[in-house]
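The listed protein sequences correspond, in order, to chains A and B.
Going by my numbering, the first sequence opens with residue 161, and the numbers climb by one from there.
Going by my numbering, the second sequence opens with residue 353, and the numbers climb by one from there.
One thing to keep in mind: the hints can contain errors.
[As the list claims (entries may be wrong)] When the alpha-carbon atoms are kept at most 16 Å apart in a straight line, the in silico EDC-like pairs for lysine to aspartate or glutamate are as follows:
| hint | chain 1 | residue 1 | chain 2 | residue 2 |
| --- | --- | --- | --- | --- |
| 1 | A | K201 | B | D391 |
| 2 | A | K201 | B | E357 |
| 3 | A | K174 | A | E247 |
[Said to hold, decoys possible] Each pair of labels, with its calculated beta carbon distance range:
| hint | chain 1 | residue 1 | chain 2 | residue 2 | range |
| --- | --- | --- | --- | --- | --- |
| 4 | A | A232 | B | E408 | 40 to 46 Å |
| 5 | A | K174 | B | K407 | 51 to 57 Å |
| 6 | A | L278 | B | E357 | 31 to 37 Å |
| 7 | A | R274 | B | P434 | 23 to 29 Å |
| 8 | B | G368 | A | L278 | 44 to 50 Å |
These are computed hints drawn from the structure, not numbers from a lab.
Fair warning: this is a prediction, and the values are worked out from it, not measured in the lab.
The beta-carbon is built from N, C-alpha and C at its ideal position, and this holds for glycine as well.
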Amino acid sequence: GAVVSQHPSWVICKSGTSVKIECRSLDFQATTMFWYRQFPKQSLMLMATSNEGSKATYEQGVEKDKFLINHASLTLSTLTVTSAHPEDSSFYICSASPAAGDLQETQYFGPGTRLLVL
Amino acid sequence: SQKIEQNSEALNIQEGKTATLTCNYTNYSPAYLQWYRQDPGRGPVFLLLIRENEKEKRKERLKVTFDTTLKQSLFHITASQPADSATYLCALSDSWGKFQFGAGTQVVVTP
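Given the sequences, and given the hints that come with them, work out the whole structure.
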């Protein structure tokens, strides 16, 4: 149980285009989802916290107009990288917390999405 | 500012030995400390969680200790196997469930 999927697993796009990444909790309802990015050999950096039915909370330094987050249902959150540039190339990972249970104890991570912007 | 430090150098260890990884933190009072495994190109996989009022936790061949005075956690893999080769991440979370990750330590277990 507690499986989180991401789609696509990798994407290559041209500079200036927008890319949407989906994060789904497959067998549980997720009140909260988190979006991270990770550069090679670096730690996961939290970008934003996404709560179902409300606006996402962005970390300092993360442009909310650049990284649009929508948490439309208890099983789906999307991250859209708008007008992508080469510096947005990274590994994007989402995690999800169940609606019940301790938020701190149960974050389940997706497999990640590799984005390459040419 | 809050910092989480893990050994940046890879830990090379022979199969069967115990691997010990360190996670130190500063300017943080975590409610929970967690360890994850991450394979190349994959998302982290949860291994163990330890609470601030716990000293030690075990799960199969894994053991975690948590010393809030030293602000340090140790992660042990006993009887290591080549399949244990991966990067291991330490993560701290506060009572609101917000996570902060260390950069991870790569473990290489050779037969």
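Tell me the numbers of any earlier hints that the structure contravenes, in ascending order. Checked against the structure, no hint fails, so every one of them is satisfied.
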